[in-house]
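Student: Sequence:
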Amino acid sequence: MSRYIIETERLTKQYGTQKSVDGLDLHVRPGRIYGLLGRNGAGKTTTMKLLLGLATPTSGEVSIWGKPLGGNEKELLPHIGSLIESPGFYPNLTGTENLRIFATLRGVDGRGTIKNALELVGLPYRDKKLFSQYSLGMKQRLAIALAVMHDPELLILDEPINGLDPIGIAEVRSFIRGLCDERGKTILISSHILSEVALLADDIGIIDHGVLLEEESLGELEAKSDKYLHFTVSDGERAAEILRGVFPADRFILEDRHSLRVNSTKVPVSKLVSAFVRAGLGVSEAVTVEESLEDYFKRVTGGEGIA
Numbered sequence: 048m049s050r051y052i053i054e055t056e057r058l059t060k061q062y063g064t065q066k067s068v069d070g071l072d073l074h075v076r077p078g079r080i081y082g083l084l085g086r087n088g089a090g091k092t093t094t095m096k097l098l099l100g101l102a103t104p105t106s107g108e109v110s111i112w113g114k115p116l117g118g119n120e121k122e123l124l125p126h127i128g129s130l131i132e133s134p135g136f137y138p139n140l141t142g143t144e145n146l147r148i149f150a151t152l153r154g155v156d157g158r159g160t161i162k163n164a165l166e167l168v169g170l171p172y173r174d175k176k177l178f179s180q181y182s183l184g185m186k187q188r189l190a191i192a193l194a195v196m197h198d199p200e201l202l203i204l205d206e207p208i209n210g211l212d213p214i215g216i217a218e219v220r221s222f223i224r225g226l227c228d229e230r231g232k233t234i235l236i237s238s239h240i241l242s243e244v245a246l247l248a249d250d251i252g253i254i255d256h257g258v259l260l261e262e263e264s265l266g267e268l269e270a271k272s273d274k275y276l277h278f279t280v281s282d283g284e285r286a287a288e289i290l291r292g293v294f295p296a297d298r299f300i301l302e303d304r305h306s307l308r309v310n311s312t313k314v315p316v317s318k319l320v321s322a323f324v325r326a327g328l329g330v331s332e333a334v335t336v337e338e339s340l341e342d343y344f345k346r347v348t349g350g351e352g353i354a
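Mapping of the sequence shown onto the numbering used here: residues 48 to 354, in sequence order.
Keep in mind that the hints were calculated from the coordinates and are not lab data. Treat the hints loosely; a few may be bogus.
To be verified - As a list, the in silico DSBU-like pairs of lysine-lysine whose alpha-carbon atoms are at most 30 Å apart: (1) 162 / 121; (2) 96 / 175; (3) 345 / 274.
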């Protein structure tokens, strides 16, 4: 049996000369939340469509529960809940009425299932408010309720917190975390909001221009973030001479006349400050700087960060 709920091998989707997904090797472990992180247009939605059989790969394979998706859709897809773009809800019906229609179409047992799904996302059952009167956040909640209505083992959610206010984001985050921790669901979410992925996901994949650049647990990713020492001194050249007696030349950078960056935290800051002071230098700043996940994202993608 496969170690992974979702596994892809060299998954590629090409439109003309443009590769939207390029040789993707994705590994989603059971009972965990996997955050697929990337800018808008990075290939997240296309990847999720490929995992759900909504798009056909140009090349490569998708396996779910150790079975190829191709040819096994009828067996596999009923056990998956998904939110890809906006479902086609009827504006002149209530949330309950909309879910009732979908339940009938899918052959899902109605009343209790619909009520439970709405309660899970904090929407009332048999409310009189029409879908057209819903706020953007309420519409997103209803879409998530539709995704979980049939109690799937695996959830694939594309930008599930998109459009929510801060309170709504926190509530949906808690709800998704609860589905994993309390109900044992495996969840793949995509987002361009790095801070939210960092708060929610167990494992993170960074995708950029269709290429999966990193795939690790959150802890492993945080451990790879840079830590360095930064000093502001009265004479940067003199301080650099002192550092040459401690570090190889490639371990520190003289940024300007007064600022230095030391790419090592093995030597205590206090010892270096003492060395500077003994040499008659004034030290106005001495700090340990830890690279944020956003800084790391910028570094591995070679570009600007995301929200």
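Student: Hint by hint, say whether it matches the structure.
Tutor: Hint check results:
no.	hint	verdict
1	162 / 121	holds, 26 Å
2	96 / 175	violated, 34 Å
3	345 / 274	holds, 15 Å
The structure fails hint 2 only (numbered hints given earlier).
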